[in-house]
Structures are given as structure tokens and as C-alpha cells.
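*Asks:* Line order of the protein sequences matches chains A and B. Quick note on full-length UniProt numbering: the first sequence kicks off at 1 and runs consecutively. Quick note on full-length UniProt numbering: the second sequence kicks off at 1 and runs consecutively.
Because the hints were derived from the structure by calculation, they are not lab data. From a predicted model like this one, the values you see are computed outputs, not experimental measurements. Where hints are given, some of them may not hold.
Copies of the same chain look alike in the list, so a pair counts if it works inside one copy or between any two.
Said to hold, decoys possible - Below, computed lysine-lysine pairings styled on DSSO-like, alpha-carbon distance capped at 27 Å:
{"hint": "1", "residue 1": "K197", "residue 2": "K39"}
{"hint": "2", "residue 1": "K336", "residue 2": "K197"}
{"hint": "3", "residue 1": "K197", "residue 2": "K33"}
{"hint": "4", "residue 1": "K197", "residue 2": "K82"}
{"hint": "5", "residue 1": "K82", "residue 2": "K206"}
{"hint": "6", "residue 1": "K47", "residue 2": "K197"}
{"hint": "7", "residue 1": "K197", "residue 2": "K16"}
{"hint": "8", "residue 1": "K352", "residue 2": "K39"}
{"hint": "9", "residue 1": "K236", "residue 2": "K208"}
Okay, here's what each chain looks like letter by letter:
Number of protein chains: 2
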Amino acid sequence: MEQMRQITLNIPPTTKPRVVIVGAGFGGLNAAKNLPDDKFQVVLFDKHNYHTFQPLLYQVASAALQPDAIAGPLRNLFHNTKDFHFRMLRVLSVDPLTNTINTSAGSLQYDYLILSSGAKTNYFGNENMQRFALPLKTIPDALNMRSHLMQIFEWASLNANPALKEHMLNIVLVGAGPTGVEMAGAFSELRRYVLPKDYPVLDFSKMKIYLLEGMDRVLPPMHPKSSARAQRYLEKMGVIIKLNAMVQDYDGETITLKNGEQIKSFFVVWSAGVMGEVLPGIPKEWTERGRILTDPFCRAIGSSNIFAIGDIALMKLEDYPRGHPGVAQPAIQMGKYVAKNLFALHRNETVKPFKYFDKGSLATVGRGKAVADLPGDIHLGGRLAWLIWLFVHVNFLVSFRNKLLVLANWAWNLFTFDKGNRLIIRPYIRKGDEKSKTVFAENQVGS
Amino acid sequence: MEQMRQITLNIPPTTKPRVVIVGAGFGGLNAAKNLPDDKFQVVLFDKHNYHTFQPLLYQVASAALQPDAIAGPLRNLFHNTKDFHFRMLRVLSVDPLTNTINTSAGSLQYDYLILSSGAKTNYFGNENMQRFALPLKTIPDALNMRSHLMQIFEWASLNANPALKEHMLNIVLVGAGPTGVEMAGAFSELRRYVLPKDYPVLDFSKMKIYLLEGMDRVLPPMHPKSSARAQRYLEKMGVIIKLNAMVQDYDGETITLKNGEQIKSFFVVWSAGVMGEVLPGIPKEWTERGRILTDPFCRAIGSSNIFAIGDIALMKLEDYPRGHPGVAQPAIQMGKYVAKNLFALHRNETVKPFKYFDKGSLATVGRGKAVADLPGDIHLGGRLAWLIWLFVHVNFLVSFRNKLLVLANWAWNLFTFDKGNRLIIRPYIRKGDEKSKTVFAENQVGS
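Modelling step: build the complete structure from the supplied sequences, incorporating the hints.
*Replies:* And the structure:
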């Protein structure tokens with residue numbers, strides 16, 4: 001057996017410059033799609049075989065969409081390109097001196113390297129948070145969250161203790177960025193339209209949805225007008241918003257704030273921060289707080305052929321002294337920019353520096369309720385903002401197939417006020433969660 | 001914590017007769033839907049919160065359908081019934097003397113008990129088969145199978161050893177009943193239309209699909225004409241059929257037949273047998289080979305108020321000396337029958353014995369290729385049989401929502417020759433599979 005194993009990357013030799021891309025998020029995907037394969041050999045690495053449309057992950061988590069609707073099989077996207085090579089594997093390290101990237105399936109020389117590995121959840125060192133709270137960065141995360149939520153309601157149906165039953169229904173969302181706000185809205189709609197019909201034995205008027213934010217307003221990256229509007233929508237929908245609220249601890253059942261306040265909940269979502277994870281081998285001087293410092297050409301400072309785009313990149317400009325916002329648009333635009341300029345750079349031709357075109361920010365709170373900051377200091381709310389949100393998101397989904405599925409799901413949800421994907425098909429997983437094990441283990445079903 | 005836990009079934013007391021149904025498959029679901037809740041209190045137990053449309057599981061496994069399309073959330077189905085109570089839990093045992101059913105959430109008295117827990121995979125004591133082969137009874141099974149298949153292709157792309165690479169692509173399906181035949185067809189279409197585009201580095205002309213059957217023809221329960229026709233279709237599609245082939249062993253890499261022949265494969269599906277699993281507490285005299293013997297009224301012999309329907313039931317009639325076929329129709333008809341007759345039985349009124357109306361059998365092999373045995377000794381093939389199959393399956397899907405999703409998926413597949421659900425979103429699981437761990441573990445990604 002052992003001698004039969006000959007793991008290899010199996011990338012054909014080439015006379016063209018070879019571009020290796022690490023990560024198939026918005027940045028990597030757009031770089032890969034826009035690099036002409038007659039000029040370059042393009043190699044894409046990712047640990048999944050699909051691209052995740054992250055802005056809609058919360059809809060999978062809240063049972064409005066099925067996972068397949070927001071995932072694009074990567075190999076599908078490159079059926080018509082010849083010198084393109086996707087490999088599903090783990091990238092281990094890079095050696096900038098020898099232009100070598102090392103992976104779980106072997107090493108490869110590159111001419112150009114594009115790092116677009118994105119960001120991961122940042123718990124700011126809070127180990128209990130990491131153990132007990134639910135992250136939302138991947139499709140398995142979203143499926144786990146959906147299953148965990150539904151499982152809690154099933155368990156609550158089987159619990160006779162009024163106190164426990166009441167706080168079993170509570171939801172706590174930490175972080176009122178777009179993800180937190182959109183989840184708060186989605187769960188609030190579930191509570192209003194769906195859950196009372198599903199669980200007649202539970203009293204959902206007792207279910208509390210908390211949205212905690214460390215800053216002094218929701219949607220801190222957006223305009224204060226939009227923040228105020230979103231807050232009004234959420235409060236109307238019965239979401240309890242706590243601003244300037246810092247989380248101190250969570251033991252799987254009780255979350256404690258820095259001011260001493262305690263909230264009981266078995267369902268705590270952590271979307272309060274992300275961090276980059278720099279590939280081993282990248283010199284420390286090139287990085288700052290887990291992100292790779294780049295020049296205005298998306299090139300890692302100190303390197304001539306390594307690029308960083310999207311959340312992993314930190315391009316400090318006058319307009320963006322702390323880098324570009326960690327959303328899809330900068331990643332998409334950087335991906336396209338790098339692809340477009342690589343050929344010129346390769347021939348030592350002059351290229352223009354990257355310029356971010358801010359198309360604005362959107363966040364949806366619920367049916368017919370959204371907020372939009374548009375270029376020209378325009379700040380919209382209500383149905384109009386929601387229609388813009390709908391149009392933009394359907395339009396951005398990577399493949400036609402997904403658009404159809406999303407539309408079918410949403411049309412159904414709109415007409416019926418239902419969310420149809422309330423299946424518990426993942427095992428109940430909160431790693432190391434001994435406490436909830438003792439509460440629930442005897443009734444461990446549904447996986 | 002401990003004292004806070006008061007697990008209870010939480011079923012309201014009632015003056016109406018209480019019917020407890022164990023299992024929400026075709027039998028249990030149809031019984032539950034047809035029991036009037038003004039005459040009975042209906043309690044339904046299942047370990048999942050959804051009904052699985054088992055005849056289409058192979059389509060999830062072969063990436064043609066997403067799991068949500070063939071699963072109906074159970075609570076959804078009973079929004080408009082008042083004295084209906086679904087509980088997600090494990091049923092532990094029954095005490096026929098005291099009319100008590102014991103579950104992971106407590107015990108409950110019943111007036112009538114309907115056992116419809118279905119069948120589980122039968123490995124006939126072959127422990128290695130159980131360890132290494134993939135079953136297909138549940139949606140998690142189907143998702144695991146789909147992920148495992150796609151993961152094998154990703155791994156094969158990273159393997160340089162020609163011998164290993166070649167046999168890594170092989171698929172072995174054990175059992176040529178409808179599931180085996182339908183999977184063989186589905187995988188053969190994947191091999192022809194989809195995989196070569198996804199994996200240009202792999203040579204799919206070397207990929208072999210084996211269909212092994214212990215009897216002397218495929219689709220043994222169907223008419224010999226249909227068996228011959230299905231075999232012809234499959235062979236034309238390049239499926240290697242081995243009849244009278246008994247499996248002896250499988251070590252995770254090599255499957256050995258009783259005649260000594262060996263086939264190498266990392267992907268072996270076991271659909272060669274099912275068995276019932278009788279609930280502890282049911283007297284042994286009431287059972288035969290894991291099934292509950294019933295009288296012609298679906299009543300467990302020896303009991304006046306316990307019924308068994310579907311795969312778990314064994315009603316020996318002159319026409320069906322070994323019981324009814326283990327497919328959806330007998331379960332559905334028994335479920336409706338029991339529901340209809342329970343009120344009469346309760347009032348000691350005369351009821352007619354159960355009579356199975358054989359609507360015929362269908363199996364699809366691929367695009368425009370199916371076989372159908374219809375009442376009146378009619379045996380169809382080709383496009384007509386396939387249209388019947390399509391109509392019947394869409395029509396039987398439990399909820400409107402699912403019908404829409406299935407249609408959207410199938411329309412896409414038909415027009416594009418694509419199967420769009422090739423995502424690896426489940427961890428790679430073959431329990432206790434040490435050998436493939438050593439082959440693949442270094443590259444464990446995609447989960």
C-alpha cells in the first residue's frame with residue numbers, strides 16, 4: 001500500500017509563466033477567471049471543491065436557502081479553459097527565495113503567486129468563545145448552525161422545566177456588522193412566521209433575540225443614517241440591541257458581558273471579528289496583524305512576484321489607512337485588477353495602481369427592509385433598498401444555476417412566509433461542549 | 001444543571017384514543033396524515049425531523065439532486081392539524097402488557113400503536129462489508145456517498161501511480177435491485193457527461209462500473225422482460241454486470257467474490273439487502289427474521305392494538321407468501337388502510353382485510369431509459385417508461401415545495417447534461433476505515 005502512494009500535484013510543465021492562486025474566494029476566483037490561459041498557466045488551490053458565496057451564508061444558517069444554492073463547484077467554472085488546473089488540497093508553506101509553494105500533495109515552482117486565502121473568525125483569544133459559540137465562515141458552519149438551532153427547538157419541546165425551556169429559545173448574536181444584523185432579521189422572521197406553526201408547544205413570545213455590539217451603533221462600517229434605520233427596523237421586529245456591549249465569557253449556557261450582565265442562551269453566534277492567517281514562510285516584516293502589507297499594485301511589500309488580495313491583504317492608502325473593507329467588492333476588484341495587470345507587470349510595462357471603486361454598502365434586515373449606502377452620499381432604506389439588495393445579490397451569484405435555485409427558494413419564501421430548509425441533517429457539533437452534552441446527550445438524534 | 005433537566009414527552013392528556021406511530025417513513029406518514037385528529041390523538045415519533053423520499057436517495061448520492069429536494073420537514077406537514085404531536089427522539093422499547101412505549105424522552109401510554117420503523121441495511125453478518133462499504137438508507141448516507149465519490153476523484157487527480165489511479169476510479173455496486181440499477185445508470189451518466197469535463201487529468205475510459213448481483217438477473221423482483229431490457233440498457237452504457245456473483249470480503253480496497261475473483265475499488269455501495277429491527281419488548285413469537293408477523297388487518301399477531309406496516313411488517317398471504325415487496329407502495333397503502341380502519345376497529349365494527357393494489361414497478365436507468373411492469377402484464381421500456389417514472393416520482397413527492405425543487409434540478413440536468421451538486425460538504429467518513437486513512441489522510445480536506 002505504502003509504496004503505491006505517489007502523491008503528486010500533477011501540474012504539466014509549461015513555458016508560459018505559471019501563476020499559483022491560493023484560495024478560491026471572491027479574490028482568487030476573480031483572478032483565476034480573468035487570467036488568460038494562453039498567456040499564463042493558472043493553478044488554483046483550495047481546501048474545498050466549491051466557491052462559497054459568503055454574503056448569503058446567513059440564509060443557509062437560518063433555513064431560507066439550501067447549501068447548494070450558494071456554492072459553485074469550482075471545476076464547473078473552468079470547463080472551457082485549457083491551461084487551468086484546480087487542485088483540492090491544503091497549502092502548507094511558501095518559500096519566497098526559491099519561488100516554491102508547498103502543499104499536502106507536494107511542492108510547485110511558481111512565477112507569480114497570488115495569496116487570496118481570506119480571513120478566519122477572530123475570537124480575540126477568548127477560548128471559551130471559540131469552544132462554545134458558533135462561527136459562520138463556511139457552508140459546514142452554516143449547516144451546523146441550522147441543525148443546532150432546529151435541534152434546540154426539538155429539545156425544548158421535550159423539556160418540562162419552565163425556566164430552562166424559556167432560555168433555551170434565546171438567541172445571542174455577537175457583533176452587529178452586516179452578518180449579525182442580517183441574522184437578527186432572519187431569526188426574527190423565523191420566530192414570527194415559521195416557528196410558532198412548527199412548535200405549537202413552545203411559547204415564542206418568550207424567545208429573545210439579542211444583538212450585541214461593542215461599538216456605539218449597529219452596522220459600524222455604514223453611514224450613521226443607515227445604522228439608525230437598521231436599528232429602528234430591528235427593534236420594530238423585536239430584536240434586543242445592546243450597544244457598547246463587550247462580551248467577557250460564555251460557558252455554553254450563560255454569556256457574561258464586561259459590565260457584569262448575564263444572558264442565558266444555548267445558541268450564541270460569533271461574528272464579531274475576523275483575522276488573516278499568513279502562510280508560513282512569508283517574512284514577518286511583510287505582515288501586520290495577520291495580514292500581508294502590499295504596495296498599491298497589490299504586491300506584497302518586499303516581493304516582486306507575490307501578490308495579496310482580498311481580506312488577507314492590507315493596502316494602506318490615504319483613503320483607506322487601515323486597508324479596504326473586508327467585504328466582497330474589494331476582493332473582487334483586486335482579483336480582476338491583478339489578473340489584468342499581471343501580463344504588463346511580467347513585461348515590466350507600466351501599470352496603474354489599484355483604485356477601489358466603492359459601489360456602496362448594503363444590508364438587509366427582512367422582508368422589504370434593507371439599508372443602502374450608495375455613492376454620492378445617498379442613503380436609502382425600506383423597500384427600495386431591499387430591491388437593490390435583491391438585485392445585486394442574485395446578480396453576483398457566480399453561476400446561472402445558483403441564481404435559479406436562489407430565486408426559486410426566495411420566491412417560495414416570499415409567497416408563503418415559510419422557510420423550507422428546516423432539516424436537521426448534520427450531527428450536533430459544538431466541539432468540546434461538555435455542558436450541553438450533559439443537557440442533551442440522552443436525546444442525541446437527528447444526525 | 002442536572003436538576004434543571006426535566007425531560008418529558010409533554011403530550012397533553014386526552015379523552016380520545018391515543019395513537020402512537022413509530023417512524024415517519026411512507027407507512028407512518030400516511031397513517032398520520034389520514035388519522036382524523038378529531039377522533040384520535042396522534043403522536044408521531046422519529047429520530048429525524050424530516051421524511052425521506054427514499055426512492056430518490058440515489059439521485060442525491062450521484063449529485064443530481066440536493067438533499068433538501070427529497071426531504072419533507074415533518075412539522076410542516078401537520079401545521080393544520082390540532083391534536084397531532086411530533087417528537088424527535090429515539091424509541092427504546094415497548095411493553096405490550098401495559099400499553100406503554102418508552103423513549104429517550106420518557107414513557108407514554110397508548111391505546112393503539114403503529115410500528116412503521118422500516119428496514120435497515122442488512123450485511124448478512126459480513127463485518128468487513130459493514131465497515132468499508134457505503135450504505136444508502138438515509139440522507140446523511142447519500143451526502144456521505146456523494147462527498148466520498150467526489151473526494152476520490154480529487155485524490156486521484158493528485159496521484160501519480162498509474163495502477164492505483166486506475167483502480168481508484170472504479171465503482172462497485174453490490175445488489176442489482178432498483179437502487180443498484182438506478183445508481184449504475186446515474187454513475188454511468190456522470191462518467192460520460194460530467195466527470196471528463198471536471199477532471200481533464202483523469203482518464204475516465206479506464207473507470208469501470210461494476211454491478212454485482214447474487215441472483216441470475218438484474219431487477220430480480222421485476223418481470224424477466226424488464227430485467228433483460230434493463231440489462232441491455234446498462235451494458236450499452238458500459239456497466240459491467242456480474243450475475244450469480246456473491247461477495248465474500250472487502251478490505252477497503254479489494255473486493256473478493258466467492259468464486260475468487262477480485263476487483264479493486266475504493267467506492268463500494270452495499271444495497272444487497274435490508275432487514276427489520278424489532279423494537280425491544282415485542283415478544284419473539286410475534287416476529288420472523290426481524291419482521292413483525294401480522295394478520296390481514298395489519299395487526300401484530302398476538303396483539304389487539306399493535307399494528308405493523310411497511311417494511312417492518314410481514315403479512316403472509318396466499319399471493320404474498322413472503323410478505324409484500326419492500327417498496328413504497330405497500331407501506332403507503334398499509335398506512336392509509338390502518339388509518340381508515342382504526343376507528344372501525346376501535347368500535348369493534350367489521351373491517352375488510354388489507355388488500356394490496358399492485359400499481360406496478362418502475363426502475364430508471366438513465367436519460368430516456370427506464371423499465372416498467374404495469375398491471376395487466378404490460379412491460380414497457382425506453383422513453384415511455386421513463387416518462388411514467390418521471391410523472392410518478394414527481395407526483396409522489398410529499399410536498400409542493402419539493403416538487404418544484406426536483407423539477408428545477410431535473411430540468412437543469414436534462415438541458416445541460418450536467419449534474420450540479422458536486423460539492424464536498426461532508427467530512428470523509430468510513431468508520432474504522434484504517435486503510436483508506438493511510439492512503440488519503442495526508443490530504444484530508446474538503447470537510
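*Asks:* With reference to the structure, classify each hint as holding or not holding.
*Replies:* Comparing the hints with the structure gives:
1. In the homo-oligomer, the alpha carbons of K197 and K39 lie at most 27 Å apart only across protomers (22 Å), although the nearest pairing inside one protomer, at 58 Å, exceeds that limit.
2. For the identical chains of this complex, K336 and K197 are inter-copy neighbours only, at 25 Å across copies versus 47 Å inside a copy, given an alpha-carbon limit of 27 Å.
3. Taking the closest pair of Cα atoms, K197 and K33 come within 27 Å of each other only across two copies (17 Å); inside a single copy the shortest separation is 45 Å, beyond that limit.
4. For the identical chains of this complex, K197 and K82 are inter-copy neighbours only, at 11 Å across copies versus 52 Å inside a copy, given an alpha-carbon limit of 27 Å.
5. Taking CA atoms no more than 27 Å apart as the test, K82 paired with K206 passes between copies only; the shortest distance there is 22 Å, against 58 Å inside one copy.
6. In this assembly of identical chains, K47 and K197 lie within 27 Å of each other by CA distance solely across copies; the values are 20 Å between and 40 Å within a copy.
7. For the homomeric pair K197 and K16, the shortest alpha-carbon distance between copies (23 Å) is at most 27 Å, but the shortest distance inside one copy (61 Å) is not.
8. In this assembly of identical chains, the alpha carbons of K352 and K39 lie at most 27 Å apart only when taken from the same copy (20 Å versus 78 Å across copies).
9. When the C-alpha separation of K236 and K208 is checked against a cutoff of 27 Å, the pair qualifies only within one copy, where the shortest distance is 13 Å, while the shortest distance between copies is 60 Å.
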